[in-house]
Amino acid sequence: MMMKSDYTEMNIPALRLTGHQLSGSRLKTPAEVVAWAGAVQAQDFGMAKWAIGVRLPDSTEAAVEEAFNRGDVLRTHVMRPTWHFVTPENIRWMLALSAGRIKASARSRDRDLEITETLYSRTGRLIEKALEGNRHLTREDVGHMLENANIRTDAARLTHFLMRAEVEGIVCSGRMKGKTHTYALLDERAAPTPALHREEALARLAGIYFASHSPATLQDFAWWSGLSQKEAQNGLNAVQADLFAEKTDGLTYYRPASTVACTR
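Residue numbers (the working numbering): -5 to 258.
Simulated from the structure, these hints should not be mistaken for laboratory data. All C-beta atoms in this analysis are idealised placements derived from N, C-alpha and C, irrespective of residue type, glycine included. Treat each hint with caution, since some may be false.
[Claimed, not checked] Taking lysine-lysine and the DSBU-like style, the derived pairs with C-alpha atoms no more than 30 Å apart in a straight line are:
1. K97 / K224
2. K22 / K173
3. K173 / K123
4. K241 / K224
5. K123 / K97
6. K171 / K123
7. K171 / K22
[What the hints assert, rightly or not] Cβ pair distances, simulated, as ranges:
8. R133 / R103: 17 to 27 Å
9. G40 / H138: 18 to 28 Å
10. Q37 / H138: 21 to 31 Å
11. N228 / E60: 15 to 25 Å
12. E83 / Q223: 20 to 30 Å
13. K22 / A189: 28 to 38 Å
Start from the sequences, fold in the hints, and give me the full structure.
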């Protein structure tokens, strides 16, 4: 559907408050919040916990962190890439969708750091073995383990080793050790889920995004997801029949058709 409108008629700020579950939220748990949003940026862990809690009436920071420690929500590098909270049910197909772009974005720096694909394979195997049996290790622990295996591991190289292990679906967040983050094996934190074909994953991501971030434009979706304009458009095309499109100031905004009462 397409309808022309003035900004005041569409009232973008009020609609976004509802879409983002900042107004009238009916969500009950941290996992429901993250599943609704698809991914919640979690670079700053404290503020990321707040972003979940503010969408849960009567929630506490302790309750959000307990859910994180249980693995109800996981933290990993995905999409743009940066750290995000995602659910165990969504983590694998989201990683698969963004892995190629994340690897490509790191290649120039990989060369500077003298990291090869062979070295990535070796560090991935070592990290996997070190974490087996539900061992949750800090970044420092992993760095010491790699150094003991005669792999030069300064701060920059360790960042790349761990990010690649995340992107490859080897590791994700583990339980907090006091105020320190840990890594754990993804297979020990999240049950297996069916793989999605890329077009199916694009459609699923677009559906989640426009349900939870609307009204939003194609450009908003491309930036949030880190997708190319073409893939973002493909995802939008796949779900466009379920969306209401409205033009304002030369931009087309999309929101779920089920939320719109209109006549044509």
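Hints versus structure:
1. K97 / K224: Measuring from Cα to Cα gives roughly 19 Å; hence the hint holds.
2. K22 / K173: With a Cα-Cα distance of about 26 Å, the restraint between K22 and K173 holds, given a limit of 30 Å.
3. K173 / K123: Holds, because 25 Å separates the two Cα atoms, which is no more than 30 Å.
4. K241 / K224: holds, 21 Å
5. K123 / K97: holds, 22 Å
6. K171 / K123: Roughly 20 Å between the alpha carbons, so the hint for K171 and K123 holds.
7. K171 / K22: holds, 26 Å
8. R133 / R103: 17 to 27 Å: With a Cβ separation near 18 Å, R133 and R103 satisfy 17 to 27 Å, so the hint holds.
9. G40 / H138: 18 to 28 Å: holds, 27 Å
10. Q37 / H138: 21 to 31 Å: holds, 25 Å
11. N228 / E60: 15 to 25 Å: violated, 39 Å
12. E83 / Q223: 20 to 30 Å: holds, 28 Å
13. K22 / A189: 28 to 38 Å: Given a distance of about 29 Å, which is inside 28 to 38 Å, the answer is holds.
Hint 11 alone, counting from the list given before, is not met by this structure.
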